[in-house]
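I would like the entire structure built from these sequences, with the hints used as guidance.
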Amino acid sequence: MNHELRIMKNLLTSPAPIRSFTDLNAWREGRKLVIMIYRVTETFPQSELYELTKQLRKAAVSITSNIAEGFSRRSYKEKAQFYSVSLGSVTEVQNQSLIAMDVGYISAQEFQKIAAQSVIVNKLLNGLIRKTKTMIHDS
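According to numbering that gives the first Met the number 0, the residues represented by the sequence shown are 0 to 138, in order.
Hints are computed from structural coordinates only; laboratory data are not their basis. Nothing here was measured: the structure is a model prediction, and the numbers come from that model. Ideal placement from N, C-alpha and C gives every residue a C-beta, glycine not left out. A few of these clues could be false.
List time: in silico SDA-like cross-link candidates among lysine to any residue, alpha-carbon distance up to 25 Å [said to hold, decoys possible]:
hint	residue 1	residue 2
1	K122	N94
2	K31	A15
3	K57	A15
4	K122	T133
5	K57	R72
6	K57	D101
7	K112	S64
8	K31	K112
9	K57	A67
10	K132	R27
11	K76	K122
12	K31	P44
13	K53	Q111
14	K122	M134
15	K122	G87
16	K132	K53
17	K122	M35
18	K112	R72
19	K76	D22
20	K57	D137
21	K57	L97
22	K122	L48
23	K130	G87
24	K132	V118
25	K132	R18
26	K57	P16
27	K31	S64
28	K132	P44
29	K57	R30
30	K132	A67
31	K132	T21
Label pairs and their calculated CB-CB ranges [claimed, not checked]:
hint	residue 1	residue 2	range
32	A107	K76	37 to 43 Å
33	D101	K53	14 to 20 Å
34	T133	E47	39 to 45 Å
35	K53	A115	22 to 28 Å
36	G126	L48	32 to 38 Å
37	Y49	T133	19 to 25 Å
38	S106	L48	19 to 25 Å
39	A15	M134	15 to 21 Å
40	K130	T90	17 to 23 Å
If you want it as structure tokens, here you go:
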């Protein structure tokens with residue numbers, strides 16, 4: 000079983016109660032992605048500080064911020080909307096990381112790590128969105 004599948008299996012079978020947004024696996028894995036992005040962008044050229052560096056960091060932080068805000072919403076429809084925005088931010092991170100690799104700011108190996116983590120976050124968010132939408136129809 001590859002690394003990504005093991006992580007997904009462990010995350011999806013976690014029986015722990017969810018009391019806070021920090022208990023959500025999507026937020027926890029998103030947080031790992033944020034940290035990865037901050038670390039790799041530290042080496043970007045100074046000329047990119049207000050361009051790609053800022054865009055990548057903002058998109059990464061948006062992932063966890065929208066999960067947190069969605070968690071606090073009372074209606075399932077609003078929750079799903081915030082989780083969907085978060086999913087869009089994951090795609091932004093994927094795109095901007097690819098650009099960073101293309102222009103030589105990150106290595107192919109760094110990109111692969113970011114891409115793998117973003118796939119994990121993407122899958123967890125899709126599961127969270129599906130579950131939330133199920134709750135909309137059940138209520």
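Here is how each hint holds up against the structure:
| no. | hint | verdict |
| --- | --- | --- |
| 1 | K122 x N94 | holds, 17 Å |
| 2 | K31 x A15 | holds, 19 Å |
| 3 | K57 x A15 | violated, 30 Å |
| 4 | K122 x T133 | holds, 17 Å |
| 5 | K57 x R72 | holds, 22 Å |
| 6 | K57 x D101 | holds, 20 Å |
| 7 | K112 x S64 | holds, 22 Å |
| 8 | K31 x K112 | holds, 11 Å |
| 9 | K57 x A67 | holds, 15 Å |
| 10 | K132 x R27 | holds, 21 Å |
| 11 | K76 x K122 | holds, 19 Å |
| 12 | K31 x P44 | holds, 23 Å |
| 13 | K53 x Q111 | holds, 21 Å |
| 14 | K122 x M134 | holds, 19 Å |
| 15 | K122 x G87 | holds, 12 Å |
| 16 | K132 x K53 | violated, 32 Å |
| 17 | K122 x M35 | holds, 18 Å |
| 18 | K112 x R72 | violated, 32 Å |
| 19 | K76 x D22 | holds, 20 Å |
| 20 | K57 x D137 | violated, 35 Å |
| 21 | K57 x L97 | holds, 16 Å |
| 22 | K122 x L48 | violated, 30 Å |
| 23 | K130 x G87 | holds, 18 Å |
| 24 | K132 x V118 | holds, 21 Å |
| 25 | K132 x R18 | holds, 19 Å |
| 26 | K57 x P16 | violated, 30 Å |
| 27 | K31 x S64 | holds, 13 Å |
| 28 | K132 x P44 | violated, 42 Å |
| 29 | K57 x R30 | holds, 13 Å |
| 30 | K132 x A67 | holds, 17 Å |
| 31 | K132 x T21 | holds, 21 Å |
| 32 | A107 x K76: 37 to 43 Å | holds, 41 Å |
| 33 | D101 x K53: 14 to 20 Å | holds, 18 Å |
| 34 | T133 x E47: 39 to 45 Å | holds, 42 Å |
| 35 | K53 x A115: 22 to 28 Å | holds, 24 Å |
| 36 | G126 x L48: 32 to 38 Å | holds, 35 Å |
| 37 | Y49 x T133: 19 to 25 Å | violated, 42 Å |
| 38 | S106 x L48: 19 to 25 Å | holds, 20 Å |
| 39 | A15 x M134: 15 to 21 Å | holds, 19 Å |
| 40 | K130 x T90: 17 to 23 Å | holds, 20 Å |
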